[in-house]
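Asker: Residues per chain, in single letters:
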Amino acid sequence: MNVELRKKAKELLKTKQVEMIIGYQRGPDGISATPVFITREEEAENLIWDVYCVYNLSNYLKDFPGKKIGIIAKECDVRSIIVLLQENQLKRDDIFIIGVECSGVIAEHTLASGKESPGELDFDEKCKACRPSTPRLYDYLVSQKDQKDKGVLPEENPYQDIRKFEAKSIEERFKFWQEEFSRCIRCYACRQICPMCYCPRCVADQTMPTWFSRAPDLEGNLAWNVIRAFHLAGRCIDCGECERACPVGIPLREVNKKIEKDIKELFDYEAGAGVDQKPLLSCFDQNDPEDFIR
Amino acid sequence: MKIGVFTCHCGTNIAATVDVEKVAQAAAEFPGVTFSTAYNYMCSDPGQNIVKKAIKEHALDRVVIASCSPSLHEKTFRKCVEDAGINPYLVEMANIREHCSWVHPEGEQTTAKAIELVRIAVAKVSRDRPLEMTYTPIEKKVLIIGGGIAGIQSAIDIAFANYPAVIVEREPSIGGRMASFDKTFPTLDCAACILTPKMVTVSQSEHVTIHTYSEIEEVTGYVGNFTVKIRKKPRSVDINKCTGCGVCYGKCPVRVPSEFDQGLGKRPAIYIPFPQAVPNVPVIDRESCLWFTEQKCGICQKVCPFGAIDYDMEDEIIEEKFGAIIVATGFQQFDYSVYGEYGYGKFKNVITGLHFERMVNSSGPTGGKIIKPSDGKEAREVVFIQCIGSRDEQKGVPYCSRLCCMYTAKHALLLREHNPDAQAYVFYIDIRAAGKNYEEFVKKVQDEYGAIYLRGRVSRIFEKGDKLIVRGADTLSGAQIEIEADLVVMATGLVAMPDAVSLAQMLHIPYDQNNLFTEAHPKLAPVETITSGIFLTGACQAPKDIPDAVATASAASVKALGLMVQDKLAREPLIARVIPELCSGCRACIEACPFSAIETEEIEDLRLRRKRTVVKVIEGVCTGCGICTTACRMSAIDLEGFSNRQIMEELAVL
Chain A
3 MNVELRKKAK ELLKTKQVEM IIGYQRGPDG ISATPVFITR EEEAENLIWD VYCVYNLSNY
63 LKDFPGKKIG IIAKECDVRS IIVLLQENQL KRDDIFIIGV ECSGVIAEHT LASGKESPGE
123 LDFDEKCKAC RPSTPRLYDY LVSQKDQKDK GVLPEENPYQ DIRKFEAKSI EERFKFWQEE
183 FSRCIRCYAC RQICPMCYCP RCVADQTMPT WFSRAPDLEG NLAWNVIRAF HLAGRCIDCG
243 ECERACPVGI PLREVNKKIE KDIKELFDYE AGAGVDQKPL LSCFDQNDPE DFIR
Chain B
9 MKIGVFTCHC GTNIAATVDV EKVAQAAAEF PGVTFSTAYN YMCSDPGQNI VKKAIKEHAL
69 DRVVIASCSP SLHEKTFRKC VEDAGINPYL VEMANIREHC SWVHPEGEQT TAKAIELVRI
129 AVAKVSRDRP LEMTYTPIEK KVLIIGGGIA GIQSAIDIAF ANYPAVIVER EPSIGGRMAS
189 FDKTFPTLDC AACILTPKMV TVSQSEHVTI HTYSEIEEVT GYVGNFTVKI RKKPRSVDIN
249 KCTGCGVCYG KCPVRVPSEF DQGLGKRPAI YIPFPQAVPN VPVIDRESCL WFTEQKCGIC
309 QKVCPFGAID YDMEDEIIEE KFGAIIVATG FQQFDYSVYG EYGYGKFKNV ITGLHFERMV
369 NSSGPTGGKI IKPSDGKEAR EVVFIQCIGS RDEQKGVPYC SRLCCMYTAK HALLLREHNP
429 DAQAYVFYID IRAAGKNYEE FVKKVQDEYG AIYLRGRVSR IFEKGDKLIV RGADTLSGAQ
489 IEIEADLVVM ATGLVAMPDA VSLAQMLHIP YDQNNLFTEA HPKLAPVETI TSGIFLTGAC
549 QAPKDIPDAV ATASAASVKA LGLMVQDKLA REPLIARVIP ELCSGCRACI EACPFSAIET
609 EEIEDLRLRR KRTVVKVIEG VCTGCGICTT ACRMSAIDLE GFSNRQIMEE LAVL
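Protein chains in written order, with my numbering: chain A, 3 to 296; chain B, 9 to 662.
Think of the hints as simulated: they come from the structure by calculation, not from any bench.
Incorrect hints may appear among the rest.
Chain A regions said to be covered by chain B (calculated; three or more residues, Cβ under 8 Å) [to be verified]:
1) 12-23
2) 48-55
3) 94-100
4) 210-220
Counterexamples of contact, computed for chain B against chain A with all Cβ distances above 10 Å [unchecked claim]:
5) T20
6) S77
7) R263
8) D293
9) T301
10) E324
11) T483
12) S540
13) E589
14) E599
15) T631
16) M656
Remember, predicted model here, so these are calculated numbers, not experimental data.
From the three backbone atoms N, C-alpha and C, an ideal C-beta is built for every residue, glycine too.
With the hints as extra help, turn the sequences into a complete structure.
Answerer: Have a look at this one:
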């Protein structure tokens, strides 16, 4: 399928349908995949797509305003592109989505253990909450006949871990997050890697007023992490990049998933479901639940 | 910064539970406060003079008034400090009455809370910015949607004040429902005789433009500056060439049921709805015209001496600007076919009040004879059933339609006048005759016209021979009633027009669960909507009889004229402002804004060295509600008077 992918990439560049293609190439270790930005046809030979292509490349799209960009995207990446389209950060005509079928990618951290072949490696946690699928939006689809359905099996109940955690007492839960967030070094890697974090100046960096402590102490860390999660409410598509990027291993996906679950249950809303979907938190519907008003 | 704090006793309203002097002493110690005092009534003239004098003597530049809710006296004190030379937006009120003295018992804690409230207000005032009123121009023209009696009255009032009004009416003629009524309760004036002079007045007025056979296509803009697209449907008759001679509709071979006569009579395919129609220009009903359905006939074009028939006429969209909009779209009858027990659709002799109006009208389809539609014979025994659809939460609407009691009484009276041998039976739940001379009228109908009023509901109607058997109960005597009736008249309630919701959404005005338009305040702003510049009149808001419709029409006109007479519109500066450098252009605020007060604009981003789309607030439209500020993740929208810095400052001192 890499042959088909490269052929399509060459064609797009040759016919000038796109000026650049954002995709994956094999990393210097010969195993992992790294992002690659190609503008010339011959570079298309470097393009790959396999279970090592963990990154969500959609974060790069908005760095090239006004340019026609091709992007290799799996289902979760496509959903983040959809949210960016909804929020007017991208123009649909400017991007060409080369969709790839995905049946799960590997958990990057297990690479460090020295294991190499897909059989030995774990699939990423996020893929366990996702059905192996064809992207819901694409301009061209590279099908993966040989690998389809061989990957990870979806969990019956994607929120069962969240429910387990919810069952704990408030004190236990608060203690857990206090411990997790106390390790935060406020490097903002979670923000930098997140496709949805595109604010011209993040509230964490604003000084008039200063919304919360910028010091990496528990108070500031709690505020930052809670605000980050709130700002992703109804927008996070669970690409898991924040958790992967976190250098101190805070389980950020747990926070995101909790909000995702609440929104699904309260409003039957899923982020990135379709381009015409209205942003959840800006819209009012008469049928919205209001049991919280007593 | 020199802040003055003025604490009010409000008689005993505050002083009974709050130690006002102690509050004043504590406030004197707050940072930035150079003067603090207390007085019995700060809002009184002497109280205001204390503020003004202190501003002069102590060179104060910001003021905190610790008294009642800002909704009551904020305006008073803004004016007061302005008189003393301070920008009126550099004053804050600490509400130590509604938020404190009234809701807590006397005691140290209550005083302590009052002190905290003042502390917060002092913190807030320290971050206040001097603001200026903004002004927007006003388009001196009023749009009236609907050309019934309410719309007509509004147009007359506006024209009388020498301001231009434009009526947009969906039907081919103005006149509305009232044009089809026979007499009007309780005076029994002929409806046409009192309506048509008003129709003529508006049509002759140099200030009134009438677009009949037209609908509102789109409304944008805001108070003083509405841009409205009006779709003029093709009348197929050139309104400028036609003289209203009537040759065309005399020769038209088609006959279809007349809408104006509720289907009791017939009309041609080219027709004027009723003889006094304004404009007196026919319209071709393209659904039934042979030229349009079968591409033949064309007689009207041949016979028209003025060449006014134009089969090729197309929809025309005109765009006009208005300063104010009066909504007078009226009502429709409740569709009583949901009452299967009354046999609608099956029984020809079960009709509605509007049918009866046409039948009893001497220029109507039966020439004023009250007949059984099934065989055309005169009806003698007539049963009237009230509250059809009204006061029925299961099948109809929960509200009382207010006028059915009266028009039924009128029908009972007219029945006897047109046929002295006829007998009226009226089934009612309650008789609601609240209005000038209304109760007397109902009494007269019962006493002098022999109408038999039966308190109870009809359980069933069925046909027996050429009669209708009406079964019901008289709950006052407990008797089961069975009447052999010739005709049954349903007093159908008034409900919202089918497209009321889409119009409301177009105008950005709220509507209730019954799709009736909602006024800004049920008592104190009954003809305003919460969208400034848009006013309500007539039955589109709630069922109204003619006097009420006319009264609200004049009320709405005064409100609209209140805008027209101003040179420019002063707008409170307490509105949202976008900080473009922080805006990402995600447009969440545009979705969130209930007033459509936010639009996009392109800016040159100096940091990124490229053009970028951000949003901006339209000054004339923004009401300062603040919803956008909560929708904005990047805090790129700030609300003047409640700015992020002010709120953070308030939190910081707590």
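Asker: Against this structure, judge whether each hint is valid.
Answerer: Hints, verified against the model:
1. Figure legend: the segment 12-23 of chain A, annotated as covered by chain B; annotation inconsistent (0 residues with Cβ-Cβ distances under 8 Å, at least 3 required).
2. Under the rule that three or more residues need a Cβ within less than 8 Å of chain B, the assignment of the segment 48-55 of chain A is violated, with 0 such residues.
3. Counting residues of the segment 94-100 of chain A whose beta carbon lies closer than 8 Å to any beta carbon of chain B gives 0, which falls short of the minimum of three for the stated coverage.
4. Evaluation of the coverage hint for the segment 210-220 of chain A: fulfilled, as 4 residues show C-beta separations to chain B shorter than 8 Å, against a requirement of three.
5. Here T20(B) stays apart from chain A, with its beta-carbon at least about 34 Å from theirs, past the 10 Å limit.
6. For S77(B), the condition that its CB be more than 10 Å from all CB atoms of chain A holds, with the nearest at approximately 23 Å.
7. No Cβ of chain A comes within 10 Å of the Cβ of R263(B); the nearest lies about 46 Å off, and the non-interface call holds.
8. The claim that D293(B) is not at the interface with chain A holds, since no C-beta of that chain comes within 10 Å of its own (minimum 38 Å).
9. The Cβ of T301(B) lies farther than 10 Å from every Cβ of chain A, with a closest approach of about 39 Å, so its non-interface assignment holds.
10. Listed as outside the interface, E324(B) is consistent with that label: its C-beta sits roughly 32 Å from the nearest C-beta of chain A, beyond the 10 Å cut-off.
11. Listed as outside the interface, T483(B) is consistent with that label: its C-beta sits roughly 38 Å from the nearest C-beta of chain A, beyond the 10 Å cut-off.
12. With a minimum CB-CB distance of about 21 Å to chain A, S540(B) clears the 10 Å threshold, and the non-interface call stands.
13. Not every Cβ of chain A is farther than 10 Å from the Cβ of E589(B); the closest lies at roughly 6 Å, contradicting the non-interface assignment.
14. A Cβ of chain A approaches the Cβ of E599(B) within 10 Å, the least distance being about 4 Å, so the stated non-interface status is violated.
15. Consistency note on T631(B): stated as away from chain A, and its beta-carbon is indeed over 10 Å from all of that chain's, at 16 Å minimum.
16. Interface exclusion of M656(B) from chain A breaks down, the closest Cβ pair being 4 Å apart, not more than 10 Å.
Checked against the numbered hints listed earlier, the structure breaks hints 1, 2, 3, 13, 14, 16; every other hint is satisfied.
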